[in-house]
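Novice: These protein sequence lines are chains E and X, in that order.
Quick note on the working numbering: the first sequence kicks off at 1 and runs consecutively.
Quick note on the working numbering: the second sequence kicks off at 308 and runs consecutively.
No wet-lab data here; the hints were simulated from the structure.
These figures come from a predicted structure and were not determined experimentally.
Just so it is clear, CB atoms sit at the ideal spot from N, CA and C, and this is done for glycine as well.
It is possible that part of the hints are untrue.
Stated by the list, open to error - Straight-line alpha carbon distances no greater than 30 Å define the calculated DSS-like cross-link-like pairs of lysine-lysine that follow:
{"no.": "1", "chain 1": "E", "residue 1": "K47", "chain 2": "X", "residue 2": "K488"}
{"no.": "2", "chain 1": "E", "residue 1": "K47", "chain 2": "X", "residue 2": "K398"}
{"no.": "3", "chain 1": "X", "residue 1": "K336", "chain 2": "E", "residue 2": "K71"}
{"no.": "4", "chain 1": "X", "residue 1": "K336", "chain 2": "E", "residue 2": "K47"}
{"no.": "5", "chain 1": "X", "residue 1": "K404", "chain 2": "X", "residue 2": "K432"}
{"no.": "6", "chain 1": "X", "residue 1": "K398", "chain 2": "E", "residue 2": "K71"}
{"no.": "7", "chain 1": "E", "residue 1": "K70", "chain 2": "X", "residue 2": "K395"}
{"no.": "8", "chain 1": "X", "residue 1": "K456", "chain 2": "X", "residue 2": "K432"}
Claimed, not checked - Here are a few chain X residues that sit away from chain E, every Cβ distance over 12 Å (derived from the structure):
{"no.": "9", "residue": "D410"}
{"no.": "10", "residue": "K413"}
{"no.": "11", "residue": "T420"}
{"no.": "12", "residue": "T437"}
{"no.": "13", "residue": "N444"}
{"no.": "14", "residue": "K456"}
{"no.": "15", "residue": "D459"}
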Amino acid sequence: MKKIIKAPLIAIACLLLSHFAAAQKTDTTKKSTSADSLMSAIDGPAKAEPVIATFKSTRLVLSQTTQTVKKGNLNFQIIHRFGDVAGTNGGGKEFFGLDDVNDVYFGFEYGITDNLNVDFGRSTIGGLLNLELKYALLHQTTDNSVPVDVTVLGEWDTRPYSSFSSYSARLSYLGQVIIARKFSEFLSFQVSPSFVRNNTPIPLGNEQQFLAIQSAARIRLTAHTGFIVDYAHSFSTYKQAQDPLGFGYELETGGHVFTVNVTNARAIQEINYLSNSDASYGKGQYRIGFTISRMFDLNKHKTKVEN
Amino acid sequence: MKTISIILLAWMSIINQAGQDLYVCKNAKISLYSEAPIEDISAETATGTSVFNASTGDIAFSVNIRSFTFPKSLMQEHFNTDYMESDKYPKATFKGKIQEKIDVTKNGIYPVTATGDLTVHGVTKNRSITGKATVDNGTVTITSEFIVKCADHNITIPRLVFHNIAESIQMKVNATYSPYK
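Chain E with its partners taken away, still in its complex shape:
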């Protein structure tokens, strides 16, 4: 008889214990409720995303960036380079170069897809018309499974018919691989190995084709402003060459990006400044320039969000 009673007693004791344990459990989770812990279980950490806004615009002072114009967007750019600030062609009589215009570039960049752009533009120097395809191959991710952005571009340039002997003599080509990394929200850096081919060497006596390298960095100052440095070097035999170097201040205001810059390069287009850049900081041959770019979204939008 005793044994028979004992069994249920033990069972009751066990149940009480288990209940006590359960009660304790709810006690300890009081601070982080059961909903809370379940939340963290199903929610998990934020998943890896492509890093965005490595650069705020598609062009810095000299270089193009890895950024592409998104699908259905049209980016319109006006880039301007004034005359020499100092030196024999600058100074007060030229209002420090502002009376003079070295190069003006009008450009359109259109997003066929988020990663593929077609760009078209014209420069004053050489009357150069350029048509470009740009493709974003790789995107840096927040978990670093892809550590860099890689964008490739190919450009086809033509000069107006004038002193050239044939059509093909008017053509130039540029190929570039742009590799960029956003190291932190404050620093983005890129390097772009390039290939330049001028069917007619520029200037005459230079090589028809050569390699070049460009590199640029952007330092974020505030959410809307940044400081940019841009540098290029050509591996050509052109003796008078001075490496283009530019500094800029970038201001982004919603749909616009404004850049005010100082550079020794007179030309805006890569073909021009990589081939023929002889302006030197030491001789006062640096200039003020600016870039205005305006993004137009040509996609059709519904106006109301339904929920």
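Go by the hints and put chain X onto chain E.
Specialist: Showing chain X alone in chain E's frame:
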């Protein structure tokens, strides 16, 4: 003896019941909207997650800032980089308690008020947010509309920005829960 066992069994099942009143939603719709002179700003996501404990009233929401899609891609980029700083603050969350008791066994519409912590852009504010809970054959839907003021969460809007951005953003939440097993 028998009665004791029955009581114990009933007791146990009650304990278990209390632990199973959890409801989960992994596709909560969250949208933001603000009217501005030049262009209205709107974005939405359908990937918010939420957990609701019907017996205690505890409720939690979490949404990835990057999951909000805007009609304009540039706006989306600026939302993430310039305003929400989603690299630094990838999520917005709410953790609170619904004040009213919702009877999940009875179909109906219950007006509710959730009091708790709303964290946006790394800044936590204690808020009391009203909404509506609808019980329909075991599923619970919670909807709510509320205002988030940019200034409350240290979201700064520089004067130079040409987009006219509203100081307060209208939020809409719609979460349909199913019991958590």
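Novice: Does each hint fit the structure? Answer for all of them.
Specialist: Against the structure, the hints:
1. For the hint pairing K47 of chain E with K488 of chain X, the CA-to-CA distance comes to about 24 Å; that is within 30 Å, so the pair holds.
2. At most 30 Å may separate the alpha-carbon atoms for a hinted pair to count; K47 of chain E and K398 of chain X meet this at roughly 11 Å.
3. Our distance criterion of 30 Å between C-alpha atoms is met by K336 of chain X and K71 of chain E, whose separation comes to about 25 Å.
4. Restraint check for K336 of chain X and K47 of chain E: the C-alpha separation of about 19 Å stays at or below 30 Å, so the hint holds.
5. About 14 Å separates the Cα atoms of K404 of chain X and K432 of chain X, which keeps this hinted pair within 30 Å; it holds.
6. The suggested pairing of K398 of chain X with K71 of chain E holds, with an alpha-carbon distance near 27 Å, which does not exceed 30 Å.
7. For the proposed pair K70 of chain E and K395 of chain X, the alpha carbon gap of about 24 Å is at most 30 Å, so the pair holds.
8. Between K456 of chain X and K432 of chain X, the direct Cα distance comes to roughly 11 Å. Compliance with the 30 Å bound is thereby established for this hinted pair.
9. Distance check on D410 of chain X: its Cβ is at least 18 Å (rounded) from any Cβ of chain E, clearing the 12 Å threshold; non-interface status holds.
10. Here K413 of chain X stays apart from chain E, with its beta-carbon at least about 21 Å from theirs, past the 12 Å limit.
11. Consistency note on T420 of chain X: stated as away from chain E, and its beta-carbon is indeed over 12 Å from all of that chain's, at 17 Å minimum.
12. The Cβ of T437 of chain X lies farther than 12 Å from every Cβ of chain E, with a closest approach of about 16 Å, so its non-interface assignment holds.
13. With a least CB separation of 22 Å from chain E, N444 of chain X remains clear of the 12 Å interface cut-off, as annotated.
14. No Cβ of chain E approaches the Cβ of K456 of chain X within 12 Å, the least distance being about 18 Å, so the stated non-interface status holds.
15. With a closest Cβ-Cβ approach of about 18 Å to chain E, D459 of chain X is found to remain outside the 12 Å limit, as its non-interface label requires.
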